[in-house]
Amino acid sequence: MIKILVAEDYLFNQIILQRYFKKLDYSFVICNNGSDAIKELKENDFDIVLMDIEMPIMGGIEAVTYIRTVLNTEKKSIPILALTGHHDENYFKELRIIGFNDFILKPIDKDDLVRKIHTNLKIEESNKEIEVTNESENLNAECVINLDYLNEFAQGDKEFITEMIDLFLVHAPNFIENIKTGYAENDWEKLRYNAHKFSPQLAFFGLKAIILNIDMIEDYAVKKLPIEGFDEIINKVETNCNKAIQQLKEITI
Amino acid sequence: MKILVCDDDVLMLKAIEFKLKRDGYEVLVATNGRDASDLIRDDNDITLVITDLLMPFFNGLELINFIKTDLQKTIPILVLSKIGLEETVLKAFELGADDYMVKPFSPNELTIRAKKLLMRK
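Protein chains in written order, with the working numbering: chain A, 1 to 253; chain B, 254 to 374.
Simulated from the structure, these hints should not be mistaken for laboratory data. What you are looking at is a predicted structure, and each value in this text was computed from that prediction instead of being measured. Just so you know, not all the hints are guaranteed correct.
As the list claims (entries may be wrong) - Here's a subset of chain B near chain A, in silico, CB distances under 7 Å, partners left out: (1) D262; (2) A268; (3) F271; (4) K335; (5) G337; (6) L338; (7) V342.
Beta carbons are placed, not taken as given, at the ideal position from N, Cα and C, and that holds for glycine.
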C-alpha cells in the first residue's frame, strides 16, 4: 500500500485528498503545516510527500529545504510533490531547484494527482485501474468552494462537514429549480422565499459571488421589479451553482 | 440547559444544533413556528429559544408573540434572521425578542450571546 504524507492547511483540499486516497486504498497522514509534516516524517515511514507551498507556521519551501538538508540519507531523498495554484514554468523550475520533484496543480484533478504520484514512485499506470474524472474542468473564481465559514461551526470535524455537504446536495437543486420557476411564473413570493433561504446555505461553502446574485434576486423579488439582465443573472446563478455542486459531489464519500 | 432552535432551513438548523451541542447544551429543534410553539407550551425546561423569522405557517414574529403574550413565558428569545431591516429588528424587539443576530453570523458570537441570555435568566 502506498503511504503518503500530506502537508496542506486548506480544509477543502484536505477533504478532497482524503476522499481520493480512501478510494484508491492509499495510506495517508494529513498535516496542517510543514513543521508538523517534518515531525511526522521523522517518526514514520512514507513513500511520497505532497506539500502545499503557503502554510502557517512553516511553509512548503522551508519544509522541503529542511527535509533535503537536515534529515538522514534515507528520508531526505523521498519524492516531494508541490501542491500549487501557480501555473508558471519559471516557478516550477524554482521549485525543482529548491528540491521538489514535481508539482500538482490546484484545483486538484484526480487523474493528474494519481498520474504524478505513480510517475514519481515509478509505478506503471496499468497496475491500477483509475477512474478518470475532470472535476476541475471549467472552474472559475465564482464557484470555487471555501469551507472556512463552515469550519467555524465544525471546528475540524470532517464527518460533520461531509453531512452538511450531503444536505446541501439534496437541497440546492430544489432551490435552483424554485428560483427558476418562481421567476418564470412571476411568483415573487416564491422567488423571494427561495433566494432568502438559499443565500445562508451558500455562505457555508464560501460561494460569495453566487450569494451576491442571489441577494440581488431577493431584493428585486421584494420590490417586485424585474431588471434588465435578470435572465442572465438567473442563468449565471444556475451555471455557477451546478459547478459548485459538481465540486462538492466529488468530495462526498 | 435546554435550548430550542427553530428554523426551516435544515442546514442552518443542523449547524446551530452541532455548535450548541459542542458548547454543552441540550438542543431541541423545530422546522416551523407551529412545532416550536407546541414544544415551548409543553416543556417547561426550555431555557432559551433561538428562532428564524421567515418561515411558512407560523413565522418567527408570531412565535415570539405567542411565547410572550399568549403563554406569558419569560424565556429569553434570540432571533437569527437574514433580514437586517431596522423595521423588522424593532418589531422583533417590540414583541419581546431579547437579542437579534443577522445571518450569516459568527458561531462563536452566537455562543457568547446565548450564554449571556442564559445567565440573565
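To see whether the hints hold, each was checked on the structure:
1. Among the interface hints, the one on D262 of chain B holds; its C-beta lies about 5 Å from the nearest C-beta in chain A, closer than the 7 Å criterion.
2. Against a cut-off of 7 Å between C-beta atoms, the interface hint on A268 of chain B holds, since the closest Cβ of chain A lies about 5 Å away.
3. A hinted interface residue such as F271 of chain B counts as satisfied when its beta carbon comes closer than 7 Å to some beta carbon of chain A; here the least separation is about 6 Å, so the hint holds.
4. The closest approach between the C-beta of K335 of chain B and any C-beta of chain A is roughly 6 Å, which is under the 7 Å cut-off, so the hint is satisfied.
5. Contact between G337 of chain B and chain A, as hinted, is not supported at the beta carbon level, the nearest pair being about 11 Å apart and thus beyond 7 Å.
6. At its closest, the beta carbon of L338 of chain B sits 10 Å from a beta carbon of chain A; the interface hint therefore is violated under the 7 Å criterion.
7. For V342 of chain B, the interface hint is violated, the least distance from its beta-carbon to any beta-carbon of chain A being 16 Å, above 7 Å.
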